[in-house]
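Using the sequences and the hints given, assemble the complete structure.
Here is what each chain is made of, one letter per residue.
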Amino acid sequence: MLQKLKKILQKADVDYADIRYEIKKNTFITLDGKELSNIGSTITDGYVVRILKNGGFTSVAFTKETDAEKALKTAEENAVLIGNTIEKPVKLAHVPIIKDTFIPELKDDPRDISIEEKLELLCHYNDIPLSHEKVAMTNMRYFEVTREKYFLSSEGTEIHEDLITTGIGGGITSKEGNLVQNVRIGAGGSDGFYTLRDLESKFEERTAIVVDLLKAEPVKAGSYTCILNQGLAGVFAHEAFGHFSEADIVESLPAMREKMKIGNELGSDVLSITDNATLPNQLGFYKYDDEGVAVRKVNLLTNGVLTSRLHSRRTAEEFGEPISGHCVAEDYRYAPIIRMGTIFIEPKEKTLEQLMAELGDGLYILDPKGGQTSGENFTFGAQYGFLVKNGKKDKMIRDINMSGNLYKTLKDITAVGNDLKLGKTGGCGKGQTNIRSCHGAPHILVKNVVIGGV
Amino acid sequence: MEKLLDMAKKVCDQAEIYYNEPNSSEVIFQKGELHDIESQFQSGMALRIIKDGKLGFSYTKNLINRDEFLQNALDSLKGGVKAEYSFPLTKDLPELNTYNPHIEEVTSEPMVENCQEIADEVLRKTDAELEVVGYKEVNTVRILNSKGTDVQTKIGTNGFWMSMVYPGGGAGLERVFDKKIPFSLSKKVLNKLIDLYNKSSKELSIKSGKMKVLFMPGSMYTLLWRLSSGTNAKSIFEDTSPIKNDIGKKIVSELITFYDDPLDDAATGARSFDDEGIATTRMNIIEKGVLRSFFYDLNYAQKLGVQSTGNGFRSSMWGGDPITITPSPHLSHPRIEIGDKYFEELVAMMDTGIILDGVMGAHSGNIPNGDYSVGVSPGLYVENGEIIGRVKDVMVAGNVYDTLKKVIAIENKLHSCWGGRMPALLCDSISVSSK
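Top line first, the protein sequences correspond to chains A and B.
To convert a position in the first sequence, counted from 1, into our numbering, add 424.
To convert a position in the second sequence, counted from 1, into our numbering, add 1.
To be clear, the hints were calculated from the coordinates, so they are not data collected in a lab.
Please read all numbers here as calculations on a predicted model, not as lab measurements.
There is no bait here: all hints are sound.
Derived list of chain B stretches under chain A, where covered just means 3 residues or more per stretch with a C-beta under 8 Å from a C-beta of chain A:
hint	region
1	23-34
2	69-77
3	229-243
Backbone N, C-alpha and C define an ideal beta-carbon position, used for all residues, glycine too.
Next up, the structure:
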């Protein structure tokens, strides 16, 4: 395959070029309630070419090999057009030349398990919530995505890496009268099918929550001090802070870039945030990004001070900062962009009980229900929560959506727990989807959280 | 493709091939300067087969081996996905004007020039952190099935997306403009937007409470997702819609007529057939506040004992590659009927309130129940009928069915926005919370 890619690139008269060919295999099963609505396995493939010429950097994605010449020509023309238009030519940071094949070791390889067995397991889990009379509906899916990637650059880098992601995820809906409630469930990872076994108790626990939610009270809108559980705090690390560690986001926002200068004190001194996609056996694990750069651990925020950020080769050069290996594409349809790998809040000493005592009166809110950022503002939902009175869990609450400002909230995190947990399913949409986006945290205590209520 | 269909017919009861060929390019301007150009030459094919009442499915980007492609679909029959419907025989579709050959003249160079003009004008008059994207898309869709249907369409779009971010704040005014023909953005439209930006640049704090909220087209998908969830045949079948038993009942304000109009070829992307080859129609979902119809694809229509409404599309909440997604009920071209007020008149009617120009977190919260709780992104603040600034760290929350009972006026124009074409909607007494 790499030989074939070499042949395609040879035709390009450019300063730099790379080409990525990917074969993507999908296995999918979807259950809507008892009914199987989708099942199958399928294979797709395609190419992405990137070209640097005359200071212009551009990409073309194509699927037919016969379109290769047209694609290269288009990319060259566009690169020259960019080069002639912009004042400061694009340069790419220097990186080591790599020749490597990396096939991850899997425990319980999902490709060796029949689709019948996968279906049986999914049905087995799905029956757990469905057997409860208050559960109106479930939507469950099994997914298995294999990216077989071949990367070649005109500098001589040649990499073949496979990424195999498996997961079970979905929603459970309960209903009483006209009131509908739902919770999410998810499991999976990057290192084998074993992550999907023995999930019965997890399904039982989520079922109990969605049924209890029918009796929960809507939270009153207002400003609260809150404890966020690991899943929710992980989303905070990702949504509120993580996206601004991505150089391509701050690059286009000059005022934000000024605030996000390395060395600036952004958060309280209990807060440290790290991205480490090299951690093995995590959803976010990979070895090389889609520019052929080895990913490394990055200490983004250290005791409240901004210490580093995530880069592509282009932005590393533009910012004059070290490369980090975070330029990743969804698949063969896209040129890579800067993505988080495994981002998490570093654990400190406090137990959940100590945090509850410190909270006194407020909210304990749990598990993410989607989040979004827009500039320095963020919004995300919690699946459920509890009023906390005098350090003790009280009534269950629902309809929790919080919003806040990044800089204020980073300073408002006043205590961090000792119980770090990394997520088993991720997913981040930034133009493209990244199913391996992994985040985590210990429990954290945050002041002044705005809750929208309903 | 015909050969593949013949092969499939021999081994199955029914077969359908969906083919698409999306070609696109976009030029991206950041901070007033050309930043990137991205192009795509894609094609793909999806096969659905039905045998003994069971569905088989496969898709590919490159039809290299017909036998293998068909075999994948045959293998997936074993899963036992029920399919008790029949693919349609569709003929004599209305001719829609969706492709103008002049669209091919939109190459990178004129797009760069157009975006540069926009950027220069905006940056001369504002302090916005500007992003402008110019794009061109030409998409061919063809559907063949074993009943003899062979329908095809070619759709061309030229458009601009722009975002004017308030410095440091992150939130900004976002707009999309699109046409079937090459165009450049009129100075008048652009200057109106610049004016709106400049009027709202001052940051203000407000107290929580109930107030008027003007939902702009850019925030309407918050309501649209929830309405679509409640009127989707899948929710009806699964019994998760709170308005399942409300056909013929008044559920929202009589000012609201909510309809699907795939045949409107004055706008971009009109479709005379859905992704299952069924003829589409203009259909009222809610007519003057009264719930009239749900929308169906073949599968859920059969399950519920009715006819498909031509709403089987290969789409999901987040879009996605159509060949990889099986058809499900989807409102392809939703609109809300326009009212009689200019935007300026709506603002003047507000006394005190928030113009919800965009939102954050529309996908969080209890969508089936119709609940929403979104961050303003941005929220412009109106006092005595005048825009005096914008608010931060503010959330707007409610339930779609309750909110649409509180509509007091509707803008007299449809705008392209995410999910459809919508006017601005002025609602009274909506919950707004702030620090």
